[in-house]
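**Q** If you read the sequences in order, they're chains R and P.
Quick note: the first sequence uses the numbering used here, first residue 3, plus one each step.
Quick note: the second sequence uses the numbering used here, first residue 3, plus one each step.
Hints were generated in silico from the structure; no laboratory data involved.
A couple of the hints might just be wrong.
Pairs involving identical chains hold if they fit within one copy or between any two copies, as the list cannot separate such chains.
[Stated by the list, open to error] Quick list of in silico lysine to aspartate or glutamate cross-link-like pairs, EDC-like style, CA-CA up to 16 Å:
hint	residue 1	residue 2
1	Lys64	Glu76
2	Lys106	Glu368
3	Lys377	Glu245
4	Lys64	Glu74
5	Lys8	Glu103
None of the values given here were measured: they were computed from a predicted structure.
2 protein chains.
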Amino acid sequence: MPTSTKPPSGTRDFLPEDVRRREHVIGVVRRVYERYGFEPLETPAFENIETLLGKYGEEGNKLIFKILRRGEHESTGEADLALRYDLTVPLARVVAQYQNELPKFFKRYQVQPVWRADRPAKGRFREFYQCDIDSIGSTSPVVEAEQLAAVSEVLTTLGFRDFKVRLNHRQELPKLLAQYFAIDEASKQAEALITLDKLDKIGADGVAEELEKRQLTTRAQALVGLTEAVSHPMPDSLARMIELGQNTPAEGRVVFDAFLARGLSYYTGAIMEISVPDLAGSLGGGGRYDNLVGMFLGRDVPACGFSLGLERIIVVMTERGMFPPHVASSHADAMVTIWNDDSRADALALAGELRRGGLRVDVYPEADKLGKQVKYASGRNVPFVTICGDDEKASGTVSVKDMRTGEQQTTPRAETASFIRSRLGQRENL
Amino acid sequence: MPTSTKPPSGTRDFLPEDVRRREHVIGVVRRVYERYGFEPLETPAFENIETLLGKYGEEGNKLIFKILRRGEHESTGEADLALRYDLTVPLARVVAQYQNELPKFFKRYQVQPVWRADRPAKGRFREFYQCDIDSIGSTSPVVEAEQLAAVSEVLTTLGFRDFKVRLNHRQELPKLLAQYFAIDEASKQAEALITLDKLDKIGADGVAEELEKRQLTTRAQALVGLTEAVSHPMPDSLARMIELGQNTPAEGRVVFDAFLARGLSYYTGAIMEISVPDLAGSLGGGGRYDNLVGMFLGRDVPACGFSLGLERIIVVMTERGMFPPHVASSHADAMVTIWNDDSRADALALAGELRRGGLRVDVYPEADKLGKQVKYASGRNVPFVTICGDDEKASGTVSVKDMRTGEQQTTPRAETASFIRSRLGQRENL
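Put together the whole structure using the sequences plus the hints.
**A** Pasting the structure below:
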């Protein structure tokens, strides 16, 4: 055993039950996004390193996984590729590259992993999935309203009843900092936003302390600001978005939050973040970024996007027991036992008949003692076991054992699949 | 425009139509594998570098993408992580790591990308998907027979009618080389296998020439060997697998091929490869590898697997026009137009009603001239457009334009979704 068998630090292996939970959420995300007219896009796991560097700020640069050049260049220790850090910058590259093939209003969704060399912590991973929607090509508030409706519908479909979407406008933040905090200089404002973004985590006192420590304003002024700015009026543009969301799944979900800052520097308009009471961070967030595509294309293209964090959604759903029971069901509806070595071919044929009948079927691979085979099925929660010995074979029947009741019944072989299907009841199969 | 907007060399962006084709194939693969009782597994994109090094031979080592250490260690130019090179070695690690949680017979499928720093060429990529099934824990030929049935069913379901699975046994190859080619020494045999594996590509003459050039045998002896070994008898163990596959989807597909070699060195028993007449390489391949898990676990565990290559399946399906028409359908069943700025909220509400009625619905984001909006829908092949002006609003109706016929009809608003659904006809929606 020369090497560790653990996955690398900050990453996870997903065993079957984990994958099923993830696929359940991803399936809902995809179906809802498709229903809203978003189209799927996938980009490579790595990008040319210049594509990513300088897009995520200084802190972001440090968290990018860099890939060593290959062959004779390997010994230089230089990197020419880097792992995807988010799904937005690759999208901006794609919009620039395929500008003549894409529709005027390009609405895409993308569900793929991203990688960040963050220090691993509870709920913070180095490999995690983002579920993004972005709309390219229009400055209309219909775009924001539709995205708010789409992410609200995703969460509602998953069973969330208590989420809120906080909404703010990037361009209100400088005004707010000047008016209530007496922070006027642009560079100081940018620094102050980083602190303000932590309000959720460190509270008003923490923010005030940090603003003073960074010499951006006094503690007293900051505390006044934090109190007074609460009643800062919502700008008309945001009121319009909320109004457009009446009679959509976003109705009643969206609230104005004058303090919402969002870390990423590329936002230019509305910014949004989703939260639930029992999670410190957010389930997702987004906003309008009308200049990012221009960094690749040379001319600006309006854009707005929203990203849901798969890992956090799964954390909350797991803690709250929100997964429907069928997601964690057994790997098979039935297991075919093997009577003896001579009947192995017939066991495989029977399995094929049951599969054609719409069942997920496992075959015990060896002609072990029958009791051992049945015990194995029981340990794996397989609800039905078939037995086909010499008698059954001679009479064209199959014995079916219902593992939940222990009851064993004999059916004509041709009716075995429908016999089991009817007893599986409401459980949907493919 | 400072940086190139192309994806990195050897990788691809998948635009919506590409993703739909890929998802169609992956969907079939997953459904069939589930029907055979295989369970999903996912592993991280990168592994600790020691996990991968030394598992794929000297050539393989060179093709592994290595990730630079981070932070203060970045300047050393050392790598501590590496991108997944196949799905088999990560599985072996997983089996060792979770031995107490996994069932005695662990049957898993895994559909994920792998990365190899191969020189890019037509049909050869640096990022490509593998669709693997592996069965851990049994030496029974039922395992091979079930895998042959499963991959045959995948291909049949996708519409392949002319594939063959070539079957050989790894331990027959040394005998064959000694008996017909007069190559007795183990190291020479290993070298000869690399040449023999190219028989498909370079033909008998090419193989004979290369064997002589490598001083493994004479050209004349090689040509005799290639002729005579054709009638080398199939070993009983393989005959049994074919027999077990009667009455399964593998029936009539599997043929013995005494020359099938398979590159990877970890195989210990049956080896298999799928081919179609119009593709030089294979659609997939696999075999038994009873010792690989032992490299991680310290004790051997029997294992057998099969890998389907997604990219090649898609290449052949595209060339042959095998994708069903609905895979390339429009991104939406209907597009809601916007009458004027005041009716935007109502347009979003109507879109919501149609979505609840089971339709995929796009909303034109701006109150452009109606003709422009309809033209946009036409350009995007959206089959239905809704118009809801002042008259319709007053009378509680919606005008629906069928873009395929140009016909426009007015329906009660509450019946609009079912009106469109019935005219979409057979096209299945979610």
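**Q** Look at each hint and say if it fits the structure.
**A** Hint check results:
Taking the shortest Cα distances, lysine 64 and glutamate 76 sit within 16 Å of each other only across copies (10 Å), while inside one copy they are farther apart (21 Å). Only between protomers do lysine 106 and glutamate 368 lie at most 16 Å apart by alpha-carbon distance; the minimum there is 12 Å, versus 59 Å within a single protomer. Taking identical chains as interchangeable, the C-alpha atoms of lysine 377 and glutamate 245 are never at most 16 Å apart, the minima being 60 Å within one chain and 28 Å between chains. For the homomeric pair lysine 64 and glutamate 74, the shortest alpha-carbon distance between copies (10 Å) is at most 16 Å, but the shortest distance inside one copy (26 Å) is not.
Taking CA atoms no more than 16 Å apart as the test, lysine 8 paired with glutamate 103 passes between copies only; the shortest distance there is 14 Å, against 44 Å inside one copy.
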